[in-house]
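Asker: So that you can map any letter, position 636 of the sequence shown is 1090 in this note's numbering, and since no number is skipped, the others follow by simple counting.
Rather than coming from a laboratory, the hints here were simulated on the basis of the structure. Because the structure is a prediction, the values reported are computed rather than measured. Incorrect hints may have been included.
[To be verified] When the alpha-carbon atoms are kept at most 30 Å apart in a straight line, the in silico DSS-like pairs for lysine-lysine are as follows: (1) Lys1108 <-> Lys1155; (2) Lys997 <-> Lys931; (3) Lys1195 <-> Lys787; (4) Lys999 <-> Lys931; (5) Lys787 <-> Lys549; (6) Lys482 <-> Lys549; (7) Lys712 <-> Lys727.
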Amino acid sequence: MSANNDLTPQQMAQLSEVFRSEAVEHIKGIAEVLFSVEDRSIENMEDGLNRAFRDAHSLKGSAGTLGFNRVAVLAHRFEDALGSVRAHRIELGRKQLEALLQALEAIRQAVFNSTPDDSQLSDREHAVAAGLNAAFSLPDGLQVPAARETAEAAPSPKVPPPSPKIQDRAPASHRGDKQELVRVSEKRIDQVITQFGELFETSLQIESLGHDLNTNLHEADRLSAGLSTLLDRLDGTPFEAEAMELLDMARNLSILAKSAAAKFDVNHRELTKHIARSQEALRELRIAPISSLHLTLRNQVRETAGTTGKQVVLQMTGGEYAIDRAILDAIEKPMIHLIRNAIDHGIESPKERAAAGKPPTGELRIDAHHMGDAVSLTISDDGRGIDVDRVRASLVTNYGVEQARANELTTEQLFDYLFEPGFTTSAEISQISGRGVGLDVVKYTIEHLGGEVSMQSTVGSGTTILLRLPLTMSSVKCLLFESARQTMAVPASNVSRVMVIPAGAIRTVGGGDIIDVGDEQVPLTTFEEVLGLAGEEGVDHQKTKFAAVIRFGDRRYAFGFDVIHEYTQLVVKPLGDLLERVPNVSGLALLGTGRLCLILNPGDLIRSATGTIAASSSMAAIHATRRASTILVVDDSIAIRTMQQTLLESEGFKVLTAADGLKALQMLGNHQVDLVLSDVQMPNMDGFELTRAIKSRDRTKKLPVVLITSLGSEDDIAAGLQAGADAHIVKKELTRSELLKTINQLL
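Please put together the full structure from these sequences, using the hints given.
Answerer: Next comes the structure, spelled out in structure tokens:
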């Protein structure tokens, strides 16, 4: 029963956010006690049980008061179980500990999956409650604690009163310096961080104004110098006085411009300093310990081990290290995938382990530690390991890779295929794995966060997967450069070196180009080649000016480019549904000039350079074939053109690009095109005009035209159809699958 009928929906939503935030703290406190009991590291059992009981009691009270009835019921039964141990009516053995941990995970899920006045327990929650009853000899029957009774029983519940002015304010602490504590929901913190990201982008644009001021100062100085020369020529003429007046004005303009530039520099430095401090303060608000995942991961090990009939002990270290909470939330499912794969594929059954001379219980380790501005997570097992010959054979037999190509692949490249969608070497499909899903989700998620995944494995000894993750997602330090007249960026953490390539430094060995980096020979390509921006004649590496040595895991590859700009902090924006999984690209960033640039994916760059991504496209060809059609992409944004080109080429299309309608018509006159994909708002000739021109010519009137635009009104759609467009897609409603579906229907 809830006592919150007088609250508005907005007030209830705000209180629910606060409740969930507080509930996480209670659950974490209980989990720490239970883990210390399981690990036999608890110093004082009685104190630990008392702490866990108080957390459960407070959680029950808060849940009952706000009407989170499912949470209240489970917490009440959990409290009863702990109470029976505190009263010495039952021992806390392995069976009881398992039941408590299962119940705690169910409570955690109910906190986030239920709403106020939701009283219907799920089948799993009923099963968890029944498990507590059996393990602790509790009476059957579940009752929702009354709001009044729960509120009285709970010791000082922290749920704030309903007054809008203090809804997010917790009671002041009376310890130490009596610092007042304010409880703020994660949603509100996320909103502040989003607003800060917009502020950061604005500061980048302000920085460009400084460049404009310096340019104006330079031009004012040039004007003064020119007028001074002119004055010398006009000496003694009737125009001398006027020229002198103009020179004085120009010199005053120079003085003003210099003063403005100096003031701007001072203020901009102060702004940059304050933004950096604010960014660090926000990061501290958003971080959470890695141990926040421990409860879920421990329960996943128990569940998977029980399903597979294996004996597994889990060791976890480094839980005290902190990381951005958004990153923690994002990696929970990938971590579960890795644990399930490790137990199902890696760790052998007790019988197999005995035959191999191993102890019957397999070991799974999860270790965390900081690495500069990143955190490293390793998941390792002592199981059977990965047979690379089996992976190689699967590529040839199941995915059409030529035997000669498969034989050339290194162990690292073979492991890359394990992270490709749909790839599996398992001959059987079980409840746990063998369906070709999981590892591709891991790779995509980690790299989408700006991290990287690598794998090491030895047959008979086990497998280790290393996840390297950034500490924060608010901004990323990147190397900004230019290739094929396009500005791009790559995360600085993956750039081991930037170098000028001297004349004659590039050598050809074994059919490929290399350069010397210290004492090591590193293979060389160019960003232009890897991203498909090179013309039919390719790129002459000997003319490459600069190279960035990209590191991904233990691999290094040099990528040539034309112009180096700077190292700078960028706010990375996700690609969205349309370009969710574009090879070689992980996001976008807004530059100080107001233009967008591509943030490149270091892992994909190296896989593309070594041929792994290109070769893996043959796997997709086993499931679907597509005629090699040519699509003309028309958009005035270089970033959008490049992303759409990369997306379509990854799906097997040949792509041509044009910056506006006039250039598109020129391309149509010189090339055979099967479909036109065009923006509407463009300079020189917009999408409507381009469509009318295409449909008015005999040679192209049957050519399908798809208009993609942010204009979504009925009038705009009608205008596109009247112009002759075959399809009109609104950008905010567009997804990758929808775009490909539309294209395939028209071809």
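Asker: Hint by hint, say whether it matches the structure.
Answerer: Against the structure, the hints come out as follows:
Simply put, Lys1108 and Lys1155 have alpha-carbon atoms about 21 Å apart, close enough for the 30 Å limit, and the pair holds. Pair hint Lys997 plus Lys931 holds up; C-alpha atoms about 28 Å apart against a cutoff of 30 Å. For the hint pairing Lys1195 with Lys787, the CA-to-CA distance comes to about 29 Å; that is within 30 Å, so the pair holds. For the hint pairing Lys999 with Lys931, the CA-to-CA distance comes to about 23 Å; that is within 30 Å, so the pair holds.
At most 30 Å may separate the alpha-carbon atoms for a hinted pair to count; Lys787 and Lys549 meet this at roughly 27 Å. Between Lys482 and Lys549 the CA atoms are separated by roughly 21 Å; this keeps the pair inside 30 Å, and the hint holds. Restraint check: the Cα-Cα separation between Lys712 and Lys727 comes to about 23 Å, which is no more than 30 Å; the hinted pair holds.
Checked against the numbered hints listed earlier, the structure breaks none of them; every hint is satisfied.
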